[in-house]
Amino acid sequence: MLLFGVLACTPKARDYTSGTGGTGGAGGMGGGGGSAPCPETHRCAVPPPDGWSAPAAVVTGVPSPPCPESFPTQLLDARDDITGAPAECGCSCGAPSVDCGNLLLLYHQSCGAPVGLDVASGPPDTCLDATPKQNSVHAYFNEVMGPCTPAATTTLPEPSSQSAVRACGGASTDGVCEDGLLCVPEPVTPFRICVVRAGEHPCPPGYPDRAIHYEGKNDTRACTECTCGAPAGAKCSASVQGYSDACTTATAALVTDDQCTASFSYYTYTTPEVTEPGACPAGTVEPTGTVELADPVTFCCSVD
Numbered sequence: 000m001l002l003f004g005v006l007a008c009t010p011k012a013r014d015y016t017s018g019t020g021g022t023g024g025a026g027g028m029g030g031g032g033g034s035a036p037c038p039e040t041h042r043c044a045v046p047p048p049d050g051w052s053a054p055a056a057v058v059t060g061v062p063s064p065p066c067p068e069s070f071p072t073q074l075l076d077a078r079d080d081i082t083g084a085p086a087e088c089g090c091s092c093g094a095p096s097v098d099c100g101n102l103l104l105l106y107h108q109s110c111g112a113p114v115g116l117d118v119a120s121g122p123p124d125t126c127l128d129a130t131p132k133q134n135s136v137h138a139y140f141n142e143v144m145g146p147c148t149p150a151a152t153t154t155l156p157e158p159s160s161q162s163a164v165r166a167c168g169g170a171s172t173d174g175v176c177e178d179g180l181l182c183v184p185e186p187v188t189p190f191r192i193c194v195v196r197a198g199e200h201p202c203p204p205g206y207p208d209r210a211i212h213y214e215g216k217n218d219t220r221a222c223t224e225c226t227c228g229a230p231a232g233a234k235c236s237a238s239v240q241g242y243s244d245a246c247t248t249a250t251a252a253l254v255t256d257d258q259c260t261a262s263f264s265y266y267t268y269t270t271p272e273v274t275e276p277g278a279c280p281a282g283t284v285e286p287t288g289t290v291e292l293a294d295p296v297t298f299c300c301s302v303d
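Going by numbering that gives the first Met the number 0, the first residue of the sequence shown is number 0, and it counts up by one from there.
Worth flagging that the hints you see were computed from the coordinates, not collected in a lab.
Quick caveat, the model's predicted, so the values are computed rather than measured.
Among these hints, one or two may not hold up.
[To be verified] Pair by pair, the computed Cβ-Cβ distance ranges are:
no. : residue 1 : residue 2 : range
1   : P38       : P156      : 46 to 56 Å
2   : V187      : E285      : 42 to 52 Å
3   : G179      : P156      : 45 to 55 Å
4   : D178      : P156      : 49 to 59 Å
5   : D14       : G282      : 38 to 48 Å
[Said to hold, decoys possible] Derived SDA-like pairs: lysine to any residue, alpha-carbon spacing no greater than 25 Å straight-line:
no. : residue 1 : residue 2
6   : K216      : S63
7   : K234      : G100
8   : K234      : S262
9   : K216      : E199
10  : K234      : E275
11  : K234      : D117
12  : K234      : C99
C-beta: ideal position from N, C-alpha, C; glycine also.
Whenever a hint applies, use it, and build me the whole structure from the sequences.
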């Protein structure tokens, strides 16, 4: 079955009136051609009271046919039902900021038995004194990670409808009726002659067949907030070169976090690099809200 696409939600009720004399607008009727009687191709219809559209051609069914030549202006589309799948929600997290911080030297009596901690006393690529002295040493960074930035995605599937109602206006009068009636074209099948008015109202005389259809929608579909958990997993690395004297006679060399080696009296280390960026777990997001019919329109049709 074909589906009828719905219109965007209108901020307030539309006005379909434009009078019944002279040159009509979308809801009105064009001026007549003199005082000739209403022809057989037309009918004499009751003029609607103020607030209602001029007589319009209305059709119900999916899909809506185009407006006929005698009522060439599409006045409005409405429907009786609306369905919208829940919002499609996504949540991801960007990488955290990483500050490698200071180089830390963890001293051991033997690897695996730490006894002291020293913070590098100077910047990279300078000769530094390695104190206190112990049998072995392990170098690492105490990385500091900043929060991750959440990135939310929300996709709203297009609502659909199994019903459709179309009203067409802009008819021209081609004759004169008695008793103040309006000469309007006979609608082609399956169209009917009706008058419409935004909101819910009782029908005016001459148009007893009443129905309420809906022109707009109220779409409150959304997603819960996307959040990111605490960052973890970042790693910084640098190469450390040990020396037995004031950085002239090289001894042990190690890479931070990867190995424990014999201790040294002096050392240099390279500028640290972030080798693992870390990550934050993305929170769970759920769809919320619904899509519902809105903006009722009263259709009142003649009984042929």
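Checked hints:
1. P38 to P156: 46 to 56 Å: holds, 49 Å
2. V187 to E285: 42 to 52 Å: 50 Å Cβ-Cβ, so the 42 to 52 Å window holds.
3. G179 to P156: 45 to 55 Å: holds, 51 Å
4. D178 to P156: 49 to 59 Å: For D178 and P156 the Cβ distance comes to about 53 Å; the hint holds.
5. D14 to G282: 38 to 48 Å: holds, 46 Å
6. K216 to S63: holds, 19 Å
7. K234 to G100: holds, 11 Å
8. K234 to S262: holds, 23 Å
9. K216 to E199: holds, 16 Å
10. K234 to E275: Holds: K234 and E275 sit about 5 Å apart, inside 25 Å.
11. K234 to D117: The given pair, whose Cα atoms are some 19 Å apart, holds under the 25 Å limit.
12. K234 to C99: holds, 8 Å
The structure fails none of the hints (numbered hints given earlier).
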